[in-house]
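S.K.: In order, the protein sequences belong to chains A and B. Numbering follows this note's numbering, in which position 55 of the first sequence is assigned residue number 103; successive positions increment by one, without gaps. Numbering follows this note's numbering, in which position 76 of the second sequence is assigned residue number 79; successive positions increment by one, without gaps.
Watch out, some of these pointers could steer you wrong.
[Unchecked claim] Pairwise CB distance ranges, derived in the manner of DEER restraints:
hint, chain 1, residue 1, chain 2, residue 2, range
1, A, V115, B, A56, 46 to 56 Å
2, B, V57, A, R85, 38 to 48 Å
3, B, N69, A, Y143, 17 to 27 Å
4, A, S118, B, A123, 23 to 33 Å
5, B, D71, A, S121, 45 to 55 Å
6, A, S118, B, S94, 20 to 30 Å
7, A, Y146, B, A90, 19 to 29 Å
8, A, V71, B, D71, 22 to 32 Å
9, A, G91, B, V98, 45 to 55 Å
10, A, A74, B, A56, 26 to 36 Å
11, B, S94, A, V60, 40 to 50 Å
12, A, T90, B, D71, 25 to 35 Å
[As the list claims (entries may be wrong)] According to the in silico footprint, chain A covers these stretches of chain B (three or more CB under 8 Å from chain A):
hint, stretch
13, 66-77
14, 83-97
15, 107-116
16, 120-131
Hint data in this document are derived by calculation from the structure and do not stem from the laboratory. Just so it is clear, CB atoms sit at the ideal spot from N, CA and C, and this is done for glycine as well.
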Amino acid sequence: MIPLQLPHPSVVVGVLFFVGSVVSIAVGTFVGYRTFRAHRETGQRSLLLFSVGLLLLVSVSKLVNIVLSSTLSSTALVGPATELCRLLGAIVLTYAIYDR
Amino acid sequence: MTAEHAIDDHRQHRSAATAPGLLLGPLQRVSLEQGTTSTVETVILLSLAAVGAVLTYHAYRGYRRNDDRSMALFGVGLFLLTVGHAALKLSLTYVVPLFAADAATVALTVASASQAVDVAGLVAVFYALLR
Numbered sequence: 049m050i051p052l053q054l055p056h057p058s059v060v061v062g063v064l065f066f067v068g069s070v071v072s073i074a075v076g077t078f079v080g081y082r083t084f085r086a087h088r089e090t091g092q093r094s095l096l097l098f099s100v101g102l103l104l105l106v107s108v109s110k111l112v113n114i115v116l117s118s119t120l121s122s123t124a125l126v127g128p129a130t131e132l133c134r135l136l137g138a139i140v141l142t143y144a145i146y147d148r
Numbered sequence: 004m005t006a007e008h009a010i011d012d013h014r015q016h017r018s019a020a021t022a023p024g025l026l027l028g029p030l031q032r033v034s035l036e037q038g039t040t041s042t043v044e045t046v047i048l049l050s051l052a053a054v055g056a057v058l059t060y061h062a063y064r065g066y067r068r069n070d071d072r073s074m075a076l077f078g079v080g081l082f083l084l085t086v087g088h089a090a091l092k093l094s095l096t097y098v099v100p101l102f103a104a105d106a107a108t109v110a111l112t113v114a115s116a117s118q119a120v121d122v123a124g125l126v127a128v129f130y131a132l133l134r
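So that you can see chain A by itself, here it is in the shape it has in the complex (with noise of 0.2 Å):
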């Protein structure tokens, strides 16, 4: 008789982990091109600017992460280019905001 076999609560942690980045990447993504998209209707400037500070804080910043986790071999420049990425993001949103 084979025992039921749990897995590690780190393993299940981890598989959330990965599920969360992915749907965050997609749904970043899709709300960025809603708002382009509105962008492109209605011809305001706030909007792709909202659009590009969005999409640089939330999808941007990840696939910066999983592309310079995948190639460099240091992590050292992993988190600050990620976070620099995130910031950026909330700068233009900002300026969106003022740009009215």
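Chain A is already provided as a structure; the job is to place chain B on it using the hints.
M.R.: Below, chain B alone, put in the same frame as chain A:
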């Protein structure tokens, strides 16, 4: 074993052990959201929190001025994506090591919470845009 080593060890273990990693190709080697690794990163995170606070304040002001609930949702979403994210990541470095028995598991849990905060923030922003 220091907390940093524990996180590194755990990351290696996660890379090898998670089955979804095999399915998700490039995501196998994704760097987990660890605590800050340098002063530069800490400064960037603090700046992110500051800019996020400004964004949230503007959204809150818009909500109070127009009584527009979508602005409140927008503010909540931006708060989670900026201040919430920065607070979680900084807590990994400065708070978790103070009382964590199993630092690696706690770090992984906080990292997953960070993902959950991101998704919740995005959903709030998305819902605000739909309204």
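S.K.: Work down the list of hints and note, for each, if the structure agrees.
M.R.: Quick rundown of the hints versus the structure:
1. A:V115 x B:A56: 46 to 56 Å: Since the Cβ atoms of V115 of chain A and A56 of chain B sit about 30 Å apart, the hinted range of 46 to 56 Å is violated.
2. B:V57 x A:R85: 38 to 48 Å: violated (27 Å)
3. B:N69 x A:Y143: 17 to 27 Å: About 21 Å separates the Cβ atoms of N69 of chain B and Y143 of chain A, which means 17 to 27 Å holds.
4. A:S118 x B:A123: 23 to 33 Å: Since the Cβ atoms of S118 of chain A and A123 of chain B sit about 27 Å apart, the hinted range of 23 to 33 Å holds.
5. B:D71 x A:S121: 45 to 55 Å: holds (49 Å)
6. A:S118 x B:S94: 20 to 30 Å: Since the Cβ atoms of S118 of chain A and S94 of chain B sit about 27 Å apart, the hinted range of 20 to 30 Å holds.
7. A:Y146 x B:A90: 19 to 29 Å: holds (25 Å)
8. A:V71 x B:D71: 22 to 32 Å: Hint holds: Cβ distance 28 Å, inside 22 to 32 Å.
9. A:G91 x B:V98: 45 to 55 Å: holds (46 Å)
10. A:A74 x B:A56: 26 to 36 Å: holds (28 Å)
11. B:S94 x A:V60: 40 to 50 Å: violated (21 Å)
12. A:T90 x B:D71: 25 to 35 Å: violated (18 Å)
13. 66-77: violated (count 0)
14. 83-97: Since three or more residues must qualify, the claim that chain A covers the stretch 83-97 of chain B holds, with 4 doing so at under 8 Å.
15. 107-116: Contact hint for the stretch 107-116 of chain B vs chain A: holds, 6 residues under 8 Å.
16. 120-131: Since 6 is at least three, the answer is holds.
Checked against the numbered hints above, the structure violates hints 1, 2, 11, 12 and 13; every other hint is satisfied.
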